[in-house]
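Chains H and P supply the protein sequences, listed in that same order. Counted from 1, the first sequence has number 92 at position 92 by the numbering used here; the numbering is strictly sequential. Just add 1000 to wherever you are in the second sequence, counting from 1, and you've got the numbering used here.
No wet-lab data here; the hints were simulated from the structure. Bear in mind the structure is a predicted one, so any value in this text is a computation, not a measurement. Certain hints may be false.
[Unchecked claim] What follows is a set of in silico ranges between Cβ atoms, one per label pair, in the way DEER data are often shown: (1) 51(H) <-> 1028(P): 51 to 61 angstroms; (2) 1147(P) <-> 34(H): 54 to 64 angstroms; (3) 1149(P) <-> 205(H): 43 to 53 angstroms; (4) 410(H) <-> 1141(P): 39 to 49 angstroms; (5) 212(H) <-> 1141(P): 36 to 46 angstroms; (6) 51(H) <-> 1141(P): 54 to 64 angstroms; (7) 170(H) <-> 1289(P): 49 to 59 angstroms; (8) 1084(P) <-> 395(H): 26 to 36 angstroms.
For every residue, glycine included, the Cβ atom is placed at its ideal position computed from N, Cα and C.
Listed below, chain by chain, are the residues.
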Amino acid sequence: MKKFIISLIMMFGIISSTSFAGTLVINTDTSDAAPKEAFEYIIKKFEEENPDVTVKWNVFDHEGYKQSIRNFLNTDPPDVANWYAGNRMLPFVRAGLFEDVSDIWKDSGWVDGNLSENMEHAKKSMTIGGKQWGIPYTYYQWGVYYRKDLFTANGISVPKTWDDFVAACATLKAAGITPITIGSKYLWTTAGVFDYLNLRTNGYEFHMDLTLGKVPYTDPKVQAVFDKWDELVKPGYFLENHAALSWQEALTPMVNGEAAMYVMGNFAVAPLKEAGLRDSNLGFFQFPEITPGIPMAEEAPTDTVHIPSKAKNKTDAKRFLIFMSRADVQEEINKILGQLPINKNSSVKKGDPFLKAGLNMLNNAYAMAQFYDRDAPAQMASEGMKGFQEYMSNPDRRQKILERLEKVRQKVYK
Amino acid sequence: MELNNPKAKRITWWQKNQIKISPWIFLAPGLIFFSIYVIAPIFVSIGISFYQWDGLSPSIYVGLQNYIELLDDEYFYISLWNNLKWLIFFMLAVPIGLGLAIFLNQIVFGIRLIKSLFFFPFVISQVVIGLIFTWFYQPNYGVIAPFLNFIGLEGFSILANENTATYGIIFAGLYPQIAYCLILYLTGLNNINPEQIEAGRMDGAKGFHLFWNIVLPQLRHATFLAIVVTVIGALRSFDMVAIMTQGGPYGYSNVLAYYMFEQALSEYGYRMGYGSAIATVLFTIMMFYILFFIYRMYRNEREDNN
């Protein structure tokens, strides 16, 4: 209800602001401090470089935006709106609400350097039906965050292979430390683990086929993923009672030295450091290899900008998108955000080992998955994540859960 | 003389029907808004339940498809079953509220303060109560953790266990609901006729006997109200579930109201048709209750008038 009221108020706010030629209307969900500052910077710089354009910027409440965008794309579309890559944009693309911007990606004449070349690794996640529907401007890595000191104390070195990883868990468990912490109250954390297990066991293509509904959940290859998962769940390597904890609450055992690892996104670093961990005892490593020889794809949720198909000022909107794709702009934005630029020619904030490791990993990644709930359609994602949580609490129910997910899959991807 | 007054003969239509019409005029604003915001949405929702609609694309008529899917939906049955648990265990608020009301219905120094302390949970927002109870239940460091350790359930999490989560939420929900029933009963006790109790005493009624045969019948109206608000509270239990578990673990503490929200309006939802179908089922259940109670109320009124 609250969201509805907020979006209603927002709607009136937008309606009252009619745009003129030379006015660029931008809607964003950047209500948090850092993203807001980043956009303030972008808009100021864009206006400086393009004095003929006046930017009209509407900031939406981050949560309310998910509802509002569904309204404003139809009723009062801005010229630029931010959103997310992968299947998250599929409903809008399918409903014809986003503009095809393949020409920006193709035409090297638009930009300094070739967009396709500098952002090749992110192109797949912006492509639906062979066309590109927006420009990515920031992302962050997922992987395993760990307590260096606990690893050293137990004589564990950073695991490169699955066997090493499981062995490390066994050692930690024997030492009375929870090997992997996780808080699954809001479900999505379980999807991070599933995605990585699937990416490493079966590879990126299979993972995409699964999230696009082309493969049944009862497929032996999916079973193989759960076989690997069993190796962690059955001996109790995950934090107990994870279903009662949010992802933030699950950080506590790690801060207290009661848990050693967390399969997480880079946004976990800030709260961990606030709680007292330092670069000396907090580390990051890439999720280890499971099936040898499978190219390493990574999880990297990407934020994007799009042009609504009903936008009034598409010319300036495209100029803005191209501006957003530039190496120097992405560099500055991501310094403010504390995240990673997509453009390969951008450098990253110095002195942050996590960003450096992430940049290195992602620039060499075979492909980028967006995260289960962005790659799979909403209904499938919600049922899937419920299933993962149930599995992690009751590994014996695996078969029943997979059969249920298969039933959902057949309904969702009709 | 006055009878010959020509004015008296010419009664206008308005004057003739004034008595009949004026109540409707006064009711009109309420009725208009009630039909726009309550009655019409009911029918619109039922209408949407026959469509497949994501709120963006054009809606597709699917007939009874949503209801057929509902019959095959595990989570729907879990939610329905949980609603039943709510109905049964939420009822505990009525006798507990009554007990506390009788306990507090005495004149001692500072009773006003004590009473207001008992009312307090009713004043706090449900969201706050949900949040606080979530902390109480927190494994290892929650308030009840020492107790759980004592009975040998170390590190047991009530809200993470599929068998206990719903009871954990109901227990939290009882906290303000008991206070609500308590208020209803305290006002009821104020209206009790002391002469009847006196008479009962003279006839030798004592203790439980006196309470059951003389006090309780006089609290009939309070009991009726307490049951109605508790039933409705149980069926629309939404905020507690949303705050405490979001229907988790894996949908096992879901109730129909929250499941509807999850399917139709949450981040992963936007299945308006399916959500409307759930809402329609919930509405039907509520309608049965409401009709039953309205019928009883009507019958009682008639008995009272006779």
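- Task: Just pull the numbers of the violated hints for me, sorted ascending.
- Result: 2
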